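J.: Spelled out, the chains give:
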Amino acid sequence: MADLIAVLPRRDLVLKAAVHAAALVVALAFAALLWDVIGQGLSRLSWSFLTTEPRSSGRLGGIAPIIISTVLLLLVAITVATPLAIGTAVLLVDFVRTGSLGARIVSMSLDILAGVPSIVFGLFGNAFFAIYLGLGFSILSGGLTLACMALPIMIRSTEIGLRAVPDDWRRGTAALGMTKTSALRHILLPAAAPAIIAGLMLGIGRAAAETAALVFTSGYVDRMPGSLFDSGRSIAVHIYDLTMNVAGGEKSAYAAALVLVGLLVIINAIALALSHHVLRKRITQ
Amino acid sequence: MMHAVQRSFSERAPPLACCTSDACEPVCDCNTVIKAECVSLSYGGRPALQDVDLSFQRHAVTAIIGPSGCGKSSFLATLNRLTDMVPGCEVDGKIAFCGRDIRDPSLDVRILRTRVGMIFQRANPFPLSIRKNIEMPLRECGVSDRVEREQRVHDVLVEVGLWHEVRDRLDKPALGLSGGQQQRLCIARALALRPEVLLMDEPCSALDPISSGVVEDLILNLRGRVTIAIVTHNLAQARRVGDHLAVFWVVDGVGRLIESGRAADVFASPSHPTTAQYLSGARG
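Residue numbers (the numbering used here), protein chains in the order written: chain A, 1 to 285; chain B, 286 to 569.
These are computed hints drawn from the structure, not numbers from a lab.
Treat the numbers as computed from the prediction; the structure is a model and nothing was measured.
All residues carry an ideal CB built from backbone N, CA and C; glycine is no exception.
Check each hint, because a few of them may be wrong.
Covered, in the sense of this in silico footprint (three residues per stretch, anywhere, with C-beta under 8 Å from a C-beta of chain B), are these stretches of chain A [to be verified]:
1. 168-181
2. 186-193
Restricting the straight-line Cα-Cα distance to at most 27 Å, the calculated cross-link-like pairs of lysine-lysine (BS3-like) are [said to hold, decoys possible]:
3. Lys-180/A / Lys-457/B
4. Lys-180/A / Lys-417/B
5. Lys-457/B / Lys-417/B
6. Lys-379/B / Lys-320/B
Same shape as in the complex, but just chain A (with noise of 0.2 Å):
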């Protein structure tokens, strides 16, 4: 009877040791990490760092002009992006076949957008949109190219979340002589919402971190943008500014630093929040 006791296999308790090892590194790296920006930019954050300018070139004041180009340039990225990743998503799922020609120029070069470095891009938006259709250094110019780095990953996203869509509804639709259109609106694009908003949080989270693109494109002039034809500064590129040519500046670094943190935290919440709304108005049993 004493081989009925269930005993782990030695071979799996190493894997089992393994997987928790890993785990544990990865999550010990994020706290250090964490702890390291809490620990140097608490001191240095307050209300007043959030609403004022910066002086001394950033080593005084706020970063207050920052957090709004920041959150501009994000804007002007997810306006533009989102509808291009669930357009480009729809076209790959629903309209041309799996394998056809088009499907595989479309997929190859999104895999390749996806590997391209950041840097590159922001030659791009340089050429383009700052200069060929003369948008200078703006914000514009700056969201327009985030927004390029961003799709690769959400059209994936989508596409994965479309794909992931039951096929029964799409027979259902057509079998009740819906459109395309009104089976994407109503059921099959709804269906991949989740899919969607991680698309975008990951899209957003490329964009938010980026520094090299913004460079080239929205500049990182740090006065409060009038329009979004102003040049503008990330908050990203702002700790790199404090943290490679301004002496003295890595208090304030570490500060924003913290900020970014905390607004891509609101952001992810705010997606989550949506993601339930849009699952709890269907499946649940």
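Mind docking chain B on chain A? Use the hints.
T.: Just chain B now, kept in the frame of chain A:
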């Protein structure tokens, strides 16, 4: 001669339209609602079904039986052109719905599908409320009057015996219903469009025996009002609900119709030896 017959058909028949009001007319009063002639079907060049000739009589239940892979479901899907959605699927032959060639490019396939509805093996209610599941296709096909839509939602839910079960939760998610209720909702959703024909692809095979019985009773209730083509693996069910019987079989690797006729006759004295063995349980 053939031309003359066809012309007189199209002159007599009103244009195919969705049923948007109470006053809508049936598409036609002919006795043969669907007539399939020499229908063959292939997937990516590989033939799956060959030379099927089968007619569906008005307001009767035609049960289609046969072993797996003999093309029953594929044949059903050709009748409202759902095969269009399958990449690589080619259909050949002639299929007439009330005298109209359904493969005519000028025919609006969406309207065809509102008149020839389809129920699938796995219930597929949309991730919407119970009410919206029925209302959305109605709105889509042009029933713009809200009162009319609400009336139809009520009527079809009564018809499928769901009204008393769901009247308090019409705005709750349809996916919260049990499997049998979901399937009846799907039937209600199709019936709301007032179809002439209901194609049912093994509608009970994913249900427990009790739910299956409820759906089967519903099919018997619809007999005499809607033309039904039902694919089933269940011989007893085919015997219970079928007025007509069509037996499909794989012959030389391709699905074929080997026998069809009045259900009572085929069950009593099958003319094809394979049918006889199948019905007696010796094969299949």
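J.: Confirm or reject each hint.
T.: Here is how each hint holds up against the structure:
{"no.": "1", "hint": "168-181", "verdict": "holds (count 12)"}
{"no.": "2", "hint": "186-193", "verdict": "holds (count 4)"}
{"no.": "3", "hint": "Lys-180/A / Lys-457/B", "verdict": "25 Å, holds"}
{"no.": "4", "hint": "Lys-180/A / Lys-417/B", "verdict": "17 Å, holds"}
{"no.": "5", "hint": "Lys-457/B / Lys-417/B", "verdict": "10 Å, holds"}
{"no.": "6", "hint": "Lys-379/B / Lys-320/B", "verdict": "8 Å, holds"}
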